[in-house]
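Throw the hints in and build the complete structure from the sequences for me.
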Amino acid sequence: MASDVTMPRLSDSMEEGTILKWLVDEGGAVKRGEPLVEIETDKANMTYESDTDGVLVEVVAKEGDTLAIGEVIARIGEAGEAKSGGEERKEEPEAEAEEDPEPEPEEKRTATATKERPKPSSTNGAGDGGRVKASPVARRMAEELGVELARLEGSGPGGRIVKADVEAAAGDGGAKPATAEPEAEPAEAPQPARGEAGAKGEVEVHDLTRLQQTVTRRMAESKATAPDFALTLDVDMTGAVALRERLKEVAEQAPSFNDMVVKAAASALTEHPKVNGAYRDGRFELYGNVNVGVAVAAQDALVVPTIFGADQKSLGAIAREARRLIERVREKQITPPELSGGTFTVSNLGMFGIERFTAIINPPQAAILTVGALAKRPAVDDRGRVVARDQMTLTLVCDHRILYGADGAQFLARVKELLEQPLSLAL
Amino acid sequence: MRYREALNQALREEMEADESVFIMGEDVGVFQGAFKVTAGLLEDFGEKRVRDTPISENTIVGMGVGAAMAGLRPVVEIMTVNFALLAMDQIVNHAAAIHYMFAGQARVPMVIRMPQGAGHQLGPTHSHSFEAFFLHVPGLLVAAPSTPADAKGLLKAAIRDDNPVVFIEHETLYGQRGEVPENGGPMRFGEAAVRREGEDVTVVGISRMAGTALKAAEELAEKHEIDAEVIDPRTLRPLDLDTILDSVKKTNRAVIVEEGWPHGGVGANLAALIQEQAFDWLDAPVQRVTGADVPMPYSKPLEQAAFPHSEHVVQAALATFRDV
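Protein sequences, first through last, are from chains A and B.
Reminder that position 147 of the first sequence reads as 147 in the numbering used here, one-by-one numbering, no gaps.
Reminder that position 125 of the second sequence reads as 125 in the numbering used here, one-by-one numbering, no gaps.
A hint or two may mislead.
[Unchecked claim] A few chain A residues facing chain B, derived, Cβ under 8 Å:
1. S135
2. P136
3. V137
4. A138
5. R140
6. G158
7. V162
[As the list claims (entries may be wrong)] Restraint ranges, calculated between C-beta atoms of paired labels, are given here:
8. B:T172 with A:A168: 42 to 52 Å
9. B:S299 with A:R32: 47 to 57 Å
10. A:G146 with B:D293: 36 to 46 Å
11. A:G146 with B:L302: 50 to 60 Å
12. B:E219 with A:T52: 34 to 44 Å
13. B:E191 with A:G146: 32 to 42 Å
14. B:Q277 with A:A406: 54 to 64 Å
15. A:V203 with B:D242: 57 to 67 Å
16. A:A168 with B:E311: 23 to 33 Å
17. A:G33 with B:T172: 57 to 67 Å
18. B:E311 with A:A79: 40 to 50 Å
To be clear, the hints were calculated from the coordinates, so they are not data collected in a lab.
Every value quoted in this text rests on a predicted model; they were computed, and no experiment measured them.
Just so it is clear, CB atoms sit at the ideal spot from N, CA and C, and this is done for glycine as well.
And the structure:
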């Protein structure tokens, strides 16, 4: 008897996944623990391994298909086993239009009454005739709260979305603006579509990847909800430059200036707990761990891997970890656990010569620190002379709901102090 | 006080209070009732007011209808609910309809008492639960008390009511004890009792099933951390739908428990009312727990299997939360 393989939950925030590539052909043998399929989640591309031995009897979800967690993507069974309901499945999209709003046909009702209940599946049935399976009260509340049912996983009988699921989604900020569900969205490199030529010339239309969708949603959410303000100051990096020169002599790969900023920020965060916190649902949350995310441009989008416990790590350890994470991002090896759990974010565009910039807070974090280019710039020394000094501009963008001007200023001043006395970073 | 004693007390008090109240039925006098509900009444009130009749159900009810139209307040006893089928012509075509047929010029203030229910191995001709038959008929009031206090209070109210009342007792409840208020007056029809308050699922139990539902609620609380609210409607017509709907709007889930057959049953009707009036508050389909869709078996194990027990109610309640 073949068993169903369902869309796995590969990250906390994952609601659906896109099949990128089947690594086993239909009819091919699969072994427990061996790669079965590549799946794109909201955060990363993952290889999902089979949890059973057998033959891939049927590939239900084709490459490029996007399905909710729990929906059947394939069936694994014994060699020679027939596909189950393959015919039915293909007919479904046509059948759905009639089936959906109409009352059930008489036959079907009788069948239900005589206990031939449809076998419960573990999904919300989004793929089952296209209608999301949700209880009446869940539907009413979802509409009132602006929760999109198709994005929820039902915990009720037969995977039905019930009141509690809607409440939970609305409660943890999951009350996402209801947007139209993109249909069968392209997996990774969406093929541009060509629109009609007008005053703007020929239009290429790109569908967003899952990652781009996530970035879009979270950035808009941040701007729409966080009243932000920015604080800027210049840091004299003369000491840091000298330190790095000396570190280069002893280490094969000396820590970068960005690593120093991460280290300085992590140290300062332990002294300013509100900066290492979040405003959520009318309360402040102050986090016990200092997990600094480092924004990395990759995969045609923005990825923020996390350096966990950054305050506990030495500058060298931070440097090694950052390098490893960035490499994994660029090679698309990064996994969702490595992208979650951040309590603060550092973003650096200095390598492009940007002197200073503001960034959008990575919600629900309290602040984001941006790093501009390090360059020799004129400064006035203690004796009133204009001198050329290595300088770098830091900008702290704060969520005013939790961080006030003085809080942010004190934190930023502490980061500056640490960077200007960089020996403390090497401790 | 036992349920049968509570009924006896109601009859006695109403007969004392109103001379027009009299009793008619098979074995109600000398034999003191098949279930001893009329014990002592022949002795105290005499043959004119406690009348034994031949085995002739349609005639018994017909005489009651005539007596009621003429100004008396008959309380007729049908030995079991199954025998009431012989009197359906009088009950449906006459008792229920006369008030309407004569534009209110005649009325039928009559009570038709009858016990129902399985458990005594009396087979398919004695043991059914037919409240749904009577609920179906406009013009009849239907009571189905499940406690001694309700039995007394509702029977007093039924006797005083100017409408024909089908008063459904339960064979296995006659011996059940319960508190009955001293000098308690008549209760109002159409007021449900919340037997247990709860937040998670509404369980409506009809007649004896109110007790079964309560037992299930305790198990749900102990073993499954589900806090069930148990409602006993007490009268099916008029029905206190407001109390049930308020509860469903709170819990978002409903289970209806009855001893009768599933098709066209009390639960089928109530489930329809709930979905019509509280659809947007439901978190799961309304569950029904009913007697089996068969004539009542004589065999003891089969009879036990043919009506609901608390474990069936627990399963149905769980099914409103998850796959079971």
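Verification of the supplied hints:
1. Interface hint at S135 of chain A: satisfied, since its Cβ lies 4 Å from the closest Cβ of chain B, which is below the 8 Å cut-off.
2. Using the Cβ-Cβ criterion of 8 Å, the hint placing P136 of chain A at the interface with chain B is satisfied: the shortest such distance is roughly 5 Å.
3. Using the Cβ-Cβ criterion of 8 Å, the hint placing V137 of chain A at the interface with chain B is satisfied: the shortest such distance is roughly 5 Å.
4. Because the closest C-beta pair between A138 of chain A and chain B is about 7 Å apart, less than 8 Å, the hint holds.
5. Checking R140 of chain A against chain B: minimum C-beta separation of about 4 Å stays under 8 Å; hint holds.
6. Using the Cβ-Cβ criterion of 8 Å, the hint placing G158 of chain A at the interface with chain B is satisfied: the shortest such distance is roughly 6 Å.
7. The restraint placing V162 of chain A at the interface with chain B holds, with a minimum CB-CB distance near 5 Å, inside the 8 Å limit.
8. For the pair T172 of chain B and A168 of chain A, the supplied restraint of 42 to 52 Å holds, since their beta-carbon distance comes to about 44 Å.
9. At about 51 Å, the CB distance of S299 of chain B to R32 of chain A agrees with the hint of 47 to 57 Å.
10. A hinted range of 36 to 46 Å for the beta carbons of G146 of chain A and D293 of chain B is consistent with their spacing of about 45 Å.
11. Between G146 of chain A and L302 of chain B the Cβ separation comes to about 54 Å, which falls inside the hinted range of 50 to 60 Å.
12. At roughly 37 Å, the beta carbons of E219 of chain B and T52 of chain A sit within the given window of 34 to 44 Å.
13. Between E191 of chain B and G146 of chain A the beta carbon distance is about 40 Å. The supplied range of 32 to 42 Å therefore holds.
14. In this structure the hint that Q277 of chain B and A406 of chain A lie 54 to 64 Å apart at CB holds, the actual value being about 57 Å.
15. Evaluation of the 57 to 67 Å hint for V203 of chain A and D242 of chain B yields a pass: the beta carbon distance comes to about 60 Å.
16. Remark: the range hint 23 to 33 Å for A168 of chain A to E311 of chain B is upheld by a beta-carbon distance near 31 Å.
17. Between G33 of chain A and T172 of chain B the Cβ separation comes to about 60 Å, which falls inside the hinted range of 57 to 67 Å.
18. Distance hint check for E311 of chain B and A79 of chain A: the Cβ-Cβ separation is about 43 Å, which falls inside the suggested range of 40 to 50 Å.
Checked against the numbered hints given earlier, the structure satisfies every one of them.
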